[in-house]
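**Q** Each protein sequence line maps, in turn, to chains A and B. The first sequence begins at 29 in this note's numbering and counts up by one. The second sequence begins at 29 in this note's numbering and counts up by one.
If you're looking for bench data, these hints aren't it; they were derived computationally from the structure. Don't take each hint at face value.
Which copy is meant is left open, because identical chains are indistinguishable; a pair holds if it fits in one copy or across any two.
With a straight-line Cα cutoff of 25 angstroms, these simulated DSS-like cross-link-like pairs (lysine-lysine) come out [as the list claims (entries may be wrong)]: (1) Lys378 <-> Lys367; (2) Lys384 <-> Lys342; (3) Lys342 <-> Lys388; (4) Lys342 <-> Lys378; (5) Lys93 <-> Lys81; (6) Lys208 <-> Lys41; (7) Lys81 <-> Lys388; (8) Lys374 <-> Lys342; (9) Lys342 <-> Lys41; (10) Lys278 <-> Lys93; (11) Lys189 <-> Lys369; (12) Lys93 <-> Lys271; (13) Lys253 <-> Lys271; (14) Lys367 <-> Lys208; (15) Lys271 <-> Lys75; (16) Lys81 <-> Lys149; (17) Lys100 <-> Lys75; (18) Lys374 <-> Lys100.
Since the model is a prediction, treat every value here as computed from it, not as a measurement.
There are 2 protein chains.
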Amino acid sequence: MPQHFIVIIAGGKGERFWPQSRAPRPKHLLPVVGSKPLLTQTIDRVKPLAPAKNIFVITSAVQEKAVRAVCKGIPAANIIAEPVGRDTAAAVGLAAAIVGARDPQGIFAVLPADHVIHDNKSYQSDLRAAFAAAEAEAVMVTIGITPTEPATGFGYIQRGKEWRAFNTRPVCRVKRFVEKPKQAVAERYLASGDYMWNAGMFVWSVPVVESALAQHATELDTALKPIRAALAKKRPLAGVLKKVYPTLPKISVDYALLEKSTNVVVLASSFDWDDVGAWPAVCKHFTPDAAGNVSRGIAVIEQGANNLVFSEGKHLVAVVGVDDLIVVHTPDATLVCPKSKAQEIKALLKQVESLKDGAKWL
Amino acid sequence: MPQHFIVIIAGGKGERFWPQSRAPRPKHLLPVVGSKPLLTQTIDRVKPLAPAKNIFVITSAVQEKAVRAVCKGIPAANIIAEPVGRDTAAAVGLAAAIVGARDPQGIFAVLPADHVIHDNKSYQSDLRAAFAAAEAEAVMVTIGITPTEPATGFGYIQRGKEWRAFNTRPVCRVKRFVEKPKQAVAERYLASGDYMWNAGMFVWSVPVVESALAQHATELDTALKPIRAALAKKRPLAGVLKKVYPTLPKISVDYALLEKSTNVVVLASSFDWDDVGAWPAVCKHFTPDAAGNVSRGIAVIEQGANNLVFSEGKHLVAVVGVDDLIVVHTPDATLVCPKSKAQEIKALLKQVESLKDGAKWL
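With the rest of the complex left out, here is chain A (with noise of 0.2 angstroms):
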């Protein structure tokens, strides 16, 4: 019986959710909904559907002391810090790697850090499914969220014809994957019925993913080697992923493994979810004031509707005659921006990062 593996993949540049999120706390990090951070959350989530000694939590080297200071109950050797960046083909290249040294025919689930779910047990059953799926076939299957709107933001998975079906949850064939659409073509797939949002969420085996690189990433494949031969002789890590993965190529796994197979399936998500991309998204967590605002920390709103509020510390943040205004107060910075403009928060980092000394608030 091949063992269960849960590989948490806790990236992000943590700019969204700025001056709350930085470099080093990214959105994941952060008790953006809940009063635990997001990877908690995740952790807590999925430890019924596998042994500690089984998760794993990929981070990057920056994250890396505070991933670790959050991920309590997890093995130390199992939190692995990418030197850099490279995308999610190569993490989950590295997942492969680091689940094949401990059981060559493992399947593991990879999962996103930062997404807000509250129906956990819906969530445990879907991926308990996924992993069935997985164990049954030499399958790559993804769990696509069911959409609730015609959202631009999210890559979409258009499902075929139903191939099987496991603990009575059915598994489609996919028929392709597709980029963040256009509003009029996000409207056409959420009215058919037959597209679902690409959450990032996998279930695979070793040898799947490792004979999808082989086929579809040979670069990347080979580039991996040296990495596989050093948890062959259980070397430390952090030597070889030093020299490794700045030569890695930087691809998703979208674009370097699942668009190329064709042996990928979608289970269709019976859980609430929300990516929670910026700001304005955390408002629908909140139970909102008669005027739609809402806050967190010592606020005060005189004649405004929809704002969030947020202050930390024994801060005050008063805000009079506003709506749909974003404040958030941090010890050392406070961002004001309308809920309509909260894309721009990446032009403003921009300013911020050419201020004197300006990288300690990014």
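Assemble chain B onto chain A, guided by the hints.
**A** Okay, now just chain B, sitting in the frame of chain A:
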């Protein structure tokens, strides 16, 4: 020759420049414009007009400590704290008593502590003319500010016939004082050229003020007697003020004395003047960037125009995609308010007061 005295009235509740201003640190204790607190700027401005021993500051108990800290060069005994606020008539009565104890024929100017004036030479020259007028005859000299716009936030002084000239400056009889007018009325006042803003600047002799008190404000005059008695016996004032002040009628000097007197004259100011009534008025004293933004401290403004962004300390305030907004960060509180809503800060502070330990932010 009667001596000249200056009495600076340094009161105020500290609401309109919240959160920089607080009850114990109102506007005149802040460098709202310039690098020194407005009170210090006022003291520097009047120093050529009277020796330091003849300069007095009347403040409130809650502000006393902070006021003393910025009144360098003024004798400690010349800083008098009112135990409770009793409006300007009481302060003028107290001032007359204090000045009268030093020189029964003394002439004194009553001047607000929190106005912004750049042209100190003209200010001093105007005040010298006012002193000369108050010395020449038993008149109450008001300094009328030549209006530059149809402001509805000030009381107006209507001038009558020219009375005399001092230092080549014409001084007119006052026809009447009028309350803050409606917009249309203010426009008529401005067009007529006969109206000036009442900025609360007065020059008069002790006998003139005491005779007006005796004639028009009997209750106040009687209540002030124990203070005069204490001064005559050179007793410390604190005790008697604490006893007498709560009993004084709360009334402005305009109502109590000026509007009822027939010996009031007005000298039209020749200096620039701004009472900087609230945050939006601060902007015109700063050099804006190309987009009309004014900032102080560490501030970044992306895609925004005509904002005022102030930050204290090493805290970064970052503003994206907003116009005409006031953002003021202090170590324990931050304000976000459109310029058009600055008058709502009072309502906001009512809410702040109702917070747990709310008083600490006031």
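**Q** If any of the earlier hints don't hold here, list their numbers in rising order.
**A** 7, 11, 15 and 18
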